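Peer 1: Chain by chain, the residues:
Protein chains: 2
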Amino acid sequence: MIDTSFLDHLRGIVGPSGHIDEPGDMEPYVAEWRGRYRGKTPLVLRPANTRELSEVVRACWEAGVPVVPQGGNTSLVGGSIPSEDNSEVLISLSRMNKVRELDALNYTMTVEAGCVLQAIQEAAKEADRLFPLSLGAEGTCQIGGNISSNAGGTMTLRYGNMRDLVLGIEAVLPDGRIWDGMRRLRKNNTGYDLKHLFIGAEGTLGFVTAAVLKLFPRPKQVETAFLAIRDPDAAIELLSSLRSASGDALSAYELIPGIALDFALKHVAGTIDPLEERHSWYVLLELATGTGGDAFRETIETALGEAMEAGLVLDAVLASSEAQAKQLWFIREAIVEAQKYEGGSIKHDISIPVSCVGTFIREATEAVERVIPGARPVPFGHVGDGNIHFNVNQPVGADTEGYLAQWDTLNTVVHDIVLGMDGSISAEHGIGTFKREELKRVKSPVELDLMRQVKAALDPKGLMNPGKVL
Amino acid sequence: MIDTSFLDHLRGIVGPSGHIDEPGDMEPYVAEWRGRYRGKTPLVLRPANTRELSEVVRACWEAGVPVVPQGGNTSLVGGSIPSEDNSEVLISLSRMNKVRELDALNYTMTVEAGCVLQAIQEAAKEADRLFPLSLGAEGTCQIGGNISSNAGGTMTLRYGNMRDLVLGIEAVLPDGRIWDGMRRLRKNNTGYDLKHLFIGAEGTLGFVTAAVLKLFPRPKQVETAFLAIRDPDAAIELLSSLRSASGDALSAYELIPGIALDFALKHVAGTIDPLEERHSWYVLLELATGTGGDAFRETIETALGEAMEAGLVLDAVLASSEAQAKQLWFIREAIVEAQKYEGGSIKHDISIPVSCVGTFIREATEAVERVIPGARPVPFGHVGDGNIHFNVNQPVGADTEGYLAQWDTLNTVVHDIVLGMDGSISAEHGIGTFKREELKRVKSPVELDLMRQVKAALDPKGLMNPGKVL
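For the protein sequence lines, the chains are D and S, in the order given. Numbering follows this note's numbering, with no gaps: position 460 of the first sequence is 460. Numbering follows this note's numbering, with no gaps: position 249 of the second sequence is 249.
If you are wondering where the hints come from, they were derived from the structure by calculation, not from laboratory data. The structure displayed is predicted, hence computed values, not measured ones. In this text, a Cβ means the ideal position worked out from N, Cα and C, and glycines have one as well. It is possible that some hints are incorrect.
Some, not all, of what chain S presents toward chain D, calculated at C-beta under 10 Å [said to hold, decoys possible]:
{"#": "1", "residue": "E22"}
{"#": "2", "residue": "W329"}
{"#": "3", "residue": "I425"}
Footprint (simulated), chain D over chain S, 3 or more residues, beta carbon under 8 Å [said to hold, decoys possible]:
{"#": "4", "segment": "110-121"}
{"#": "5", "segment": "159-171"}
{"#": "6", "segment": "311-320"}
{"#": "7", "segment": "331-342"}
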């Protein structure tokens with residue numbers, strides 16, 4: 001138990017508006033939105049600025065009290081939930097939410113950790129710039145969490161992951177010191193690039209408190225297409241040739257299996273099949289250009305025409321309006337929701353080399369059938385990055401609880417196929433507490449040891465977000 | 001002195017073709033091509049593969065013998081030269097130079113550290129792919145060194161620095177263990193991204209022995225333009241609007257001052273002034289598109305026409321053939337050579353936010369005039385990244401030795417202006433031994449401390465490339 005007078009000391013640092021200790025008010029901070037993780041903390045702190053946070057963290061460091069950083073609390077792996085034993089102080093960065101600067105000439109934006117992703121996208125748009133990170137939780141998640149979890153999403157094919165969009169960060173170290181790495185530079189070779197230690201570390205090495213983000217020109221013309229394709233191999237061949245033909249203008253490339261479209265049409269009102277016949281595999285893609293004009297659309301039409309002649313594409317619709325493009329994207333979004341109506345779903349967030357996508361889907365599908373006959377794989381997602389959300393719905397009519405009890409068994413089988421292709425068992429969502437044990441199984445001893453050396457060097461007392469990642 | 005029998009033990013690991021110990025044969029390894037740095041070693045090792053290297057490094061670790069990694073030995077900061085006291089073993093990775101794999105569908109290439117950059121560019125081209133890293137030393141430098149120094153060059157505006165082009169690496173750790181991080185993945189959030197520790201660490205944390213590189217579609221059409229511009233502020237305004245108008249197709253954007261063109265015309269045969277009048281400032285730019293066609297050229301012509309009307313651009317030539325484009329690039333390349341004929345040159349490889357370029361050049365030029373009246377600044381380079389090679393030639397007729405004696409004094413003055421803009425004192429070239437003392441002056445105690453913590457964690461005996469960076 002944390003000493004009561006110490007908690008009072010922490011309250012004193014942040015003042016009345018900087019802390020929450022009523023159980024009901026703390027609820028949104030200690031529970032996860034899906035209800036899968038729940039922790040317990042005696043105190044939620046919401047510091048107003050980096051200086052306050054620094055004081056709080058230093059006090060905890062000196063007292064040996066563990067701390068849990070939290071942004072929008074949208075983690076899918078329990079990364080922002082405290083332990084259940086009431087031993088950790090939860091620190092939310094949500095009040096540190098100012099856009100400090102937008103430098104349009106430098107194509108950068110300086111933001112505090114608590115800024116909501118969507119607010120950042122909108123501020124960039126107002127300055128005629130693009131901040132490209134885009135993901136389902138963008139209305140809630142905060143940029144500090146996006147950075148700490150190296151968020152992915154739909155636009156990484158063109159713009160990279162969160163890591164690639166950060167020029168500088170400010171961090172509060174485990175002992176409370178502030179590291180000012182807020183550089184707005186495109187080139188800087190002055191020793192170790194320390195920001196990469198904190199990006200993707202899931203709050204286990206320090207608090208990311210602010211960042212300098214890269215901005216881009218806003219595309220002038222976006223073309224959206226929904227294609228029926230021969231099979232996943234065809235998707236990858238087409239991806240390769242489209243990257244080349246379009247001048248690397250592909251900004252999204254999502255695989256959709258026929259079963260996912262069936263689910264969406266069945267369960268989600270407003271979903272419309274854009275093609276005449278039902279096919280086994282689809283791709284939803286987006287191409288964006290800054291120059292615009294008919295030439296770009298013609299280039300795409302030509303490339304798709306050639307792909308149809310080659311038998312890669314079986315049918316296609318190229319959106320003729322923004323409204324139609326939205327309708328096509330609605331299918332992609334409906335897939336996530338629709339799966340819930342088909343009973344239990346055992347999930348995998350994996351990545352493999354793009355060239356292995358077809359083989360992976362074949363092998364993993366066969367393995368599922370061997371382990372749980374009748375289970376229904378729904379492999380969809382960011383296939384342009386080799387990232388597949390390999391979700392497996394329960395057999396029709398099966399007992400959901402009994403099905404979900406096989407979660408770990410199926411994970412092991414699918415992950416082993418992934419590992420055979422030097423793939424990743426967590427492409428986007430991170431490790432948190434959820435995949436911590438699996439991480440130990442799949443990583444080499446050398447790599448685990450290196451990670452532990454880094455952790456011990458930066459957080460020798462082990463007080464930063466304990467029990468996460470390592 | 002290193003024990004003779006231990007040297008024999010190392011010789012035994014690599015065999016007769018894996019070591020050099022004749023002083024004459026060792027010369028290219030212990031001396032730098034410009035003659036500025038010279039070290040001394042009892043033994044140069046050239047292991048044939050990662051396993052041999054691992055054995056050598058483990059033996060050195062156990063014996064407490066320091067090691068110096070070396071690639072193409074083109075460092076400009078003494079990063080690959082051993083100390084003068086004969087106490088370090090030099091290990092060249094030049095024999096580990098195989099292209100292990102090129103996966104065109106995955107847009108990746110797997111190479112060993114000793115591959116020469118140009119050979120990698122050419123192998124990519126043969127597979128109809130682009131490896132975009134491009135720099136002066138590309139015919140000699142090796143990819144292991146490019147990675148260890150996070151190389152920059154002319155194409156970073158579009159494709160990023162070396163760090164951004166690496167998906168995975170293999171490293172031999174200071175104690176000889178091999179870390180296999182050779183992932184060919186676009187997304188992978190499974191714990192700390194360890195590759196970023198080794199990239200840009202200048203060989204102080206381990207040997208980079210192999211890497212998975214990102215490839216890109218080859219551009220179908222490249223437009224090259226040489227512009228007379230109003231001043232550096234105009235260059236930045238134009239950069240911003242061209243990024244937007246061209247759909248971020250700018251692949252190079254180089255500032256050239258009038259004095260640099262004068263030097264080139266005077267000293268380098270074959271240099272031709274592409275414009276009718278002499279102007280104070282120029283920009284050489286390159287736009288590359290994958291779609292091609294007249295529309296792209298028209299877009300650029302329109303954008304340049306608008307910039308001329310706005311008074312940003314005073315005159316312009318858009319290359320009408322590849323030969324003409326080469327002639328324009330020849331001017332840029334001639335600048336480096338031409339400065340040698342104008343006496344001593346005190347150099348700065350700095351970067352600042354792109355929006356500060358104009359202010360920096362004004363302030364730094366004024367400062368130079370205050371400190372060394374008559375000295376001639378030649379600020380040129382990758383201004384699209386905010387990276388300026390702020391070289392200062394001696395006053396006409398001055399004593400070269402006396403001028404160069406003021407190197408540190410001028411560096412301090414210019415670097416202080418850079419620091420006032422949160423800039424970098426080494427944008428591209430790294431720290432090595434050359435800027436080691438200056439690094440201590442310009443970095444915050446917290447940052448230096450973090451760097452030392454990382455170094456101590458990975459290399460507790462301090463045997464990896466001692467005396468470099470930290």
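Peer 1: A separate judgement is required for each hint: does it hold in the structure or not?
Peer 2: Hint check:
About 34 Å separates the beta-carbon of E22 of chain S from the nearest beta-carbon of chain D, more than 10 Å, and the hint is not met. The interface hint given for W329 of chain S is violated, since its Cβ lies 20 Å from the closest Cβ of chain D, which is over the 10 Å cut-off. Residue-level restraint check for I425 of chain S holds (minimum Cβ-Cβ distance to chain D is 6 Å; threshold 10 Å). A count of 0 residues in the segment 110-121 of chain S with a Cβ less than 8 Å from any Cβ of chain D is obtained; the coverage claim is therefore unmet, three being the minimum.
Here's how the segment 159-171 of chain S fares: 4 of its residues keep a CB closer than 8 Å to some CB of chain D, so the rule of at least three is met and the hint holds. Against chain D, the segment 311-320 of chain S contributes 0 residues with a C-beta closer than 8 Å to a partner C-beta. That does not satisfy the three-residue criterion, and the hint is violated. For the segment 331-342 of chain S, the stated coverage by chain D is not satisfied: 0 residues place a CB nearer than 8 Å to a CB of that chain, which falls below the threshold of 3.
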